[in-house]
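Visitor: Taken in sequence, the protein lines are chains A and B. Quick note: the first sequence, position 109, residue 113 per the working numbering, numbers continuous. Quick note: the second sequence, position 107, residue 108 per the working numbering, numbers continuous.
Read the hints as simulated data drawn from the structure, not as lab findings.
Okay, derived cross-link-like pairs now, DSSO-like style, lysine-lysine, Cα gap no bigger than 30 angstroms in a straight line:
#, chain 1, residue 1, chain 2, residue 2
1, B, Lys133, B, Lys79
2, B, Lys224, B, Lys23
3, A, Lys252, B, Lys15
4, A, Lys9, B, Lys86
5, A, Lys251, B, Lys110
6, B, Lys305, B, Lys255
7, A, Lys252, B, Lys72
8, B, Lys79, A, Lys6
9, B, Lys273, B, Lys224
10, B, Lys273, B, Lys255
11, A, Lys252, B, Lys62
12, B, Lys110, A, Lys9
13, B, Lys79, A, Lys251
14, B, Lys62, B, Lys86
15, B, Lys86, A, Lys251
16, A, Lys9, B, Lys79
17, A, Lys252, B, Lys86
18, B, Lys23, B, Lys306
19, B, Lys62, A, Lys251
20, B, Lys170, B, Lys296
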Amino acid sequence: MKALKDTWVLFIHYEKMLLRNPFWMLAALFQPVCYLYLFAPLLTNITGVSGGAGAINLFTPGLIVMVSLFSVMFVGYTMIDYLRSGVVERLRVTTASRVSLLLGLVIRDVTTLMMQTLIVIFLALPLGLSVTAPGVGLMLLMMALVGFCISPASYALALAVRSEDALGPILNFFSQPILLLSGVLLPLTLAPLWLRNLSDFNPLKYAVDASRAIFNGDLSSPAVWQAFAILFALVFLSFFWALRRIKKATA
Amino acid sequence: MIVTNALSKTFKNKNSAVEAVKGVSITVRRGEIYGFIGPNGAGKTTTMRMLTTLLPPTSGKAYVAGCELSKARQIRAKIGYVSQKGGCYEFATGFENLVLQGRLYGLSKRAAVENAERLVEAFGMRDYCRRKIQTYSGGQRRHVDLGLGVMHNPELLFLDEPTTGLDPKSRAAFWNVIRDLRAGGITVFLTTHYLDEADALCDRICIMDNGAVAAEGTPADLKRQIAGDIISIGMEAVHFERATELLNSLSGIKEMQMTRDCVKLYVENGEKALPEILPLLVGNGVTIRSAELAKPSLDEVFLKKTGHAITNGAQKEDFQ
Chain A
5 MKALKDTWVL FIHYEKMLLR NPFWMLAALF QPVCYLYLFA PLLTNITGVS GGAGAINLFT
65 PGLIVMVSLF SVMFVGYTMI DYLRSGVVER LRVTTASRVS LLLGLVIRDV TTLMMQTLIV
125 IFLALPLGLS VTAPGVGLML LMMALVGFCI SPASYALALA VRSEDALGPI LNFFSQPILL
185 LSGVLLPLTL APLWLRNLSD FNPLKYAVDA SRAIFNGDLS SPAVWQAFAI LFALVFLSFF
245 WALRRIKKAT A
Chain B
2 MIVTNALSKT FKNKNSAVEA VKGVSITVRR GEIYGFIGPN GAGKTTTMRM LTTLLPPTSG
62 KAYVAGCELS KARQIRAKIG YVSQKGGCYE FATGFENLVL QGRLYGLSKR AAVENAERLV
122 EAFGMRDYCR RKIQTYSGGQ RRHVDLGLGV MHNPELLFLD EPTTGLDPKS RAAFWNVIRD
182 LRAGGITVFL TTHYLDEADA LCDRICIMDN GAVAAEGTPA DLKRQIAGDI ISIGMEAVHF
242 ERATELLNSL SGIKEMQMTR DCVKLYVENG EKALPEILPL LVGNGVTIRS AELAKPSLDE
302 VFLKKTGHAI TNGAQKEDFQ
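Just need the whole structure built from these sequences, with the hints factored in.
Guide: In structure tokens:
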């Protein structure tokens with residue numbers, strides 16, 4: 005009960021601090037705008053990709069996944085800042101629930117991610133994106149799962165390495181191949197067989213496939229339930245790791 | 002309020018072990034300001050981290066606010082802790098930090114706001130409490146840090162080097178706030194490496210050196226143990242032998258200490274002794290560079306108890 009209340013109090017606090025920063029909104033908008041208006045038009049003429057409105061429907065789901073990956077992957081820096089500036093140590097001596105220090109941040113990150121998803125969809129509508137309301141709902145739900153999977157892992161890694169110098173390279177090491185092998189920019193149907201086989205091991209690929217199915221209006225596609233199953237499992241693992249780390253760091 | 006018995010902490014590495022705290026036994030009474038003094042690396046912060054439930058001891062026992070150290074949850078509800086770093090959220094205002102801290106201790110929103118208002122008034126934070134922490138001066142930050150430590154009205158407050166890095170005016174202001182807290186019934190346990198701070202602020206002090214207690218008592222008692230005044234006579238080390246010989250013939254000198262370029266004499270009555278000592282030395286061919294008469298301060302106590310000055314840390318080889 006105390007953990008729930010503390011989580012809520014901290015979530016509101018983190019959200020307030022985030023919204024107070026005007027650059028955050030700008031940064032959150034800049035990447036999707038660039039990709040939608042400067043990159044998406046290139047896709048219409050690529051062979052193997054259906055032209056016109058089809059291209060934007062193919063591209064937007066991938067863009068959402070990419071934007072969310074970048075927004076949520078590097079949140080661990082916050083934790084390192086809190087370790088260094090003594091915030092974590094101060095909270096350890098209070099009677100606050102240790103877990104809520106983590107959960108407050110994770111829920112903030114997921115909220116951010118869902119807002120970004122809505123913004124990208126909204127920006128893509130004038131370019132010819134077609135999507136149904138249940139599709140948007142399902143997409144939001146899936147992106148929330150992506151957030152609940154990546155954000156705790158980022159904090160756990162930060163608590164494990166305790167330094168920006170180590171965190172940055174490790175995150176970059178993973179983010180590049182994960183991104184390229186997920187087919188966010190170009191669909192993997194264009195890829196040679198070995199690349200496609202390799203991408204089967206990338207969890208994010210399933211999220212991208214599922215989101216393309218959703219935007220095609222194919223909400224009951226096997227790609228969708230497969231992605232949900234894989235994401236649920238990863239969320240579980242990620243939380244398991246992060247909760248262990250935060251309990252260890254704040255015992 | 003605090004009782005420790007042979008509290009020890011050893012940090013183990015792959016191939017070495019460092020005994021940071023070696024069997025510290027102290028008692029802190031309710032309602033006093035107790036100071037832990039010593040150079041960096043003396044074990045002050047490690048001891049404090051054990052007492053604030055942040056670090057489990059390797060051995061020994063301690064009771065904090067009536068609870069054994071293993072009962073961390075109960076202790077945390079009764080103590081406040083202000084670390085060297087403070088630990089505010091930089092992008093929130095001082096007031097928001099205070100209210101949040103109260104909420105995390107389980108206060109209702111209304112109670113937390115009321116407490117924060119009260120502290121803003123008591124600590125004189127009205128002018129800046131609505132600005133973000135990142136814009137604060139060192140002294141303003143420390144006041145907010147202190148506020149965070151007492152938001153839940155603890156019985157016992159731990160302050161780790163509270164005035165390090167503050168200018169003299171901010172330090173004096175900070176001391177007054179701590180005295181006010183004590184007057185309100187809070188027991189204060191602080192660490193410092195400023196001996197003047199310990200002298201001015203603390204009811205009792207404990208001198209830590211090299212992980213162990215070197216002396217414990219009120220500042221006045223400790224200074225009285227030095228008994229009498231200190232005369233420092235500067236001279237070349239080549240004259241030490243001759244000077245010692247001459248000074249040994251005088252009565253009233255209780256103790257002599259040599260440092261690199263100075264002989265320190267502990268005497269009963271400095272004003273009377275100095276006019277006797279100087280002609281004796283000069284008249285017998287000892288060249289004197291300087292002479293100084295001092296009433297004992299905690300610096301002298303520290304030097305006497307540990308064999309080295311506080312600024313030199315544990316590098317005893319610098320001295321005879």
